[in-house]
Amino acid sequence: MENVVKKYAVKLEEEIVNQEDPDYLHGATNYKGYDWLDTKVISTGSEFDTKEDAIAFAKDCMSKVKEEDRRNYEIEEINYGYANYHGYTDVNPFEIVRIVSDKTIEIKAMDAKPLPWKRDFHAGGFFGHTSNQRDQKWEITSIEEATPFRIRKSKYGQWKSADGSRFGLAEKPRKFYDYNF
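Position one of the sequence shown corresponds to residue 1 (this note's numbering), numbered consecutively onward.
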């Protein structure tokens, strides 16, 4: 069994034909809480556990839209191999080592070493302000001796550890240090 969590997303091709009727997409623009944006290729922002669920969602949405305004769609497979810890504004990388069930996975910490980057620091605030902190770069590597632990998917769809720490599944590991917090 692979150490990735598979999800499926609906990608839509935007082709607006009838803009004169303000309600022409009413059934799809806010269907079951899923907002669709006016861009060329868009995502519903939702992920599904099976390809069949994603297809059913897309077909159901299209059935609520006028025929001349229907969009082409495709189902995209997403393979999550990492679970990044979100601690307020900082993010720390963890890798998935085992999938226990649909709602439980084992993860372990990864090492993140800062790579050189030019920090744009200004005086101000409590200590100072780094205006380009989104440019920071990290070398992220696996830690073989790290102890795995379990995180579980809550009834609200969030991944959490036993102590309540929040994790977001990702295709790539991510490290971010908030210099302005």
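Hints may contain errors.
To be verified - Calculated cross-link-like contacts (lysine to any residue; reagent style SDA-like; alpha-carbon spacing at most 20 Å):
1. K64 / G81
2. K155 / V100
3. K175 / V91
4. K11 / Y80
5. K7 / K64
6. K160 / F149
7. K103 / P116
8. K113 / I143
9. K172 / V5
10. K172 / D120
11. K137 / D178
12. K175 / K103
13. K103 / D178
14. K64 / Y80
15. K59 / E77
16. K153 / I143
17. K113 / P173
18. K153 / V65
19. K155 / I143
20. K137 / M110
21. K103 / A162
22. K7 / K160
23. K7 / P173
24. K113 / E74
25. K113 / K137
Source of the hints: derived by calculation from the structure; they are not laboratory data.
Predicted model only: the values in this text are computed from it and were never measured.
Hint check:
1. K64 / G81: Cα-Cα ~35 Å, so violated.
2. K155 / V100: holds, 17 Å
3. K175 / V91: Holds, at roughly 5 Å.
4. K11 / Y80: Given that 20 Å is the threshold and the Cα spacing comes to 18 Å, the pair holds.
5. K7 / K64: With a Cα-Cα distance of about 24 Å, the restraint between K7 and K64 is violated, given a limit of 20 Å.
6. K160 / F149: The given pair, whose Cα atoms are some 11 Å apart, holds under the 20 Å limit.
7. K103 / P116: This hinted pair is violated, its Cα atoms lying about 38 Å apart.
8. K113 / I143: Holds - the C-alpha atoms of I143 and K113 are around 12 Å apart, at most 20 Å.
9. K172 / V5: Measuring from Cα to Cα gives roughly 12 Å; hence the hint holds.
10. K172 / D120: Judged against 20 Å, a Cα distance of about 26 Å means the pair is violated.
11. K137 / D178: holds, 13 Å
12. K175 / K103: Cα-Cα ~24 Å, so violated.
13. K103 / D178: Given pair K103, D178 is violated - Cα atoms ~30 Å apart, limit 20 Å.
14. K64 / Y80: violated, 31 Å
15. K59 / E77: Distance of about 17 Å is within 20 Å: holds.
16. K153 / I143: violated, 24 Å
17. K113 / P173: holds, 13 Å
18. K153 / V65: violated, 33 Å
19. K155 / I143: violated, 31 Å
20. K137 / M110: Distance ~15 Å between K137 and M110 Cα, so the pair holds.
21. K103 / A162: Status holds; Cα separation ~13 Å.
22. K7 / K160: holds, 18 Å
23. K7 / P173: Holds, at roughly 17 Å.
24. K113 / E74: Cα-Cα ~38 Å, so violated.
25. K113 / K137: Judged against 20 Å, a Cα distance of about 9 Å means the pair holds.
When the structure is compared with the earlier hints, violations turn up for hints 1, 5, 7, 10, 12, 13, 14, 16, 18, 19 and 24 and for no others.
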